[in-house]
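We have chain H; now place chain R onto it with these hints.
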Amino acid sequence: MAKIFTKTGTVSGHVVLWIPKFIYLIIAFLSVIFLLRILVVTQIDSAEAEARILINRLIYSPNDISYLDADTNRNYPGIIDYKKFISLENFPNELDTKTISYGQYTNLIAAKLILKNSESNKEDVAFYNKENYEFWEPRILSTVKGGTGSVKSFAEQKYVLIKEQNKLSSGLLKIQVIVRTG
Amino acid sequence: MVYKRGSSIFFSKKADADIDLWFNFFELMIVFAAGITLWQLVNDESKGTTYDKLYFSRDNAMLVNTLYSSPGDIQYDYPEKTGRLIFDFKQNKIEVYEDYEVQEGGAISYPFAEDKTYPMYYGTIKPIAADKTMLEYSKNKNGVIVNGKDIH
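Sequence order for the protein chains is H and R.
Under numbering that gives the first Met the number 0, think of the first position of the first sequence as 0, with each following residue one higher.
Under numbering that gives the first Met the number 0, think of the first position of the second sequence as 0, with each following residue one higher.
Hints listed in this document are in silico derivations from the structure and should not be mistaken for laboratory results.
Glycine residues also receive a C-beta, built at the ideal position from the N, C-alpha and C atoms.
Straight-line distance between alpha carbons at most 20 Å, and here's what the computed SDA-like set of lysine to any residue pairs gives:
id, chain 1, residue 1, chain 2, residue 2
1, H, Lys20, R, Val30
2, H, Lys115, H, Gln156
3, H, Lys20, R, Asp19
4, R, Lys92, H, Thr96
5, R, Lys148, R, Tyr136
6, R, Lys140, H, Arg73
7, R, Lys148, R, Ala128
8, H, Lys151, R, Met61
9, R, Lys89, H, Thr96
10, H, Lys97, R, Val143
11, H, Lys97, R, Met61
12, H, Lys97, R, Tyr120
13, R, Lys46, H, Leu34
14, H, Lys97, R, Asn91
15, R, Lys89, H, Thr105
16, H, Lys111, H, Ser152
17, H, Lys82, H, Lys157
18, H, Lys111, H, Glu155
19, R, Lys89, R, Pro126
20, H, Lys157, H, Tyr59
21, H, Lys97, H, Tyr59
22, H, Lys173, H, Leu160
23, H, Lys111, H, Pro61
24, H, Lys82, H, Ser169
25, R, Lys125, R, Glu135
26, R, Lys89, H, Asn106
27, R, Lys89, H, Tyr101
28, R, Lys148, R, Tyr120
Not close to chain R: a few residues of chain H, all C-beta gaps over 10 Å, as computed:
id, residue
29, Ile78
30, Ser86
31, Pro91
32, Lys111
33, Asp123
34, Lys151
35, Glu155
36, Lys157
37, Lys173
To spell it out: a stretch of chain R is covered by chain H in this simulated footprint if at least three of its residues, at any positions, have a beta carbon under 8 Å from a beta carbon of chain H; those stretches are:
id, region
38, 17-28
39, 32-44
40, 58-70
Okay, chain H solo, but in the shape it has when bound (with noise of 0.2 Å):
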């Protein structure tokens, strides 16, 4: 160590100096760098809006689960087409493959949407993205390793009537929508 003191040892006794000096100015460099990574925003959460917007869709869009009027061509967003609603229990469905189609991108949003008929107090179950939908569903419940954080779930549930033929019935439409956030 005293040769570093020596004439011969300057130079490499300023190398050892040097070295913490180093350390510092690397560790300094780093902060700023990890800094200006976590205070510039580079990932937007819309999750909620998505599954909002879905929902939403769903619901009032004339080609999805509402019942649309033929002749008049109008929309009724308030009264669902248990013709339509029932046809949607097979997967892939219309919800899938024409209506809210996301052809390749499938794995962003799914629903279920369980439709009760308070008068009959019949349940029937329809599925949108049915197989990501099962698939996620576990991942909903904080339990569930690896599970939260990778998809949010959203619930929203509606009085509605159905119209089954020609006859109209109260009802209750819910709807959870899961969305894959990771």
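Showing chain R alone in chain H's frame:
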């Protein structure tokens, strides 16, 4: 010990002061280089359009989804100034990029769900003038149409 002439810079009697000077100069150079690099990084981030592209691609994709959910005809002027960004409407996705990024791969896209009962506009909207271009959406029985519009 005999030193060659060239090495006397480090081992002469006045070498200590010179070495200190050289090391101080070297330190200053490194700090200066680090400072310039950080300044460049911050400058790039502040001028970057990554967030704009993320925002516009996602916002417009959600807007298309919203248009599809409207029961009737609709006409909507997208209120944000889109600057120099180019919007490419493709099947099931909107791609946003700056002109030079086509080759560099800086485009950011976001998917939307099509309703195949309405034909969807596929095409590119280029800026008419920087900070003066806006997007104009319309949906009717003929489909969903998007146009670039000049803000006067």
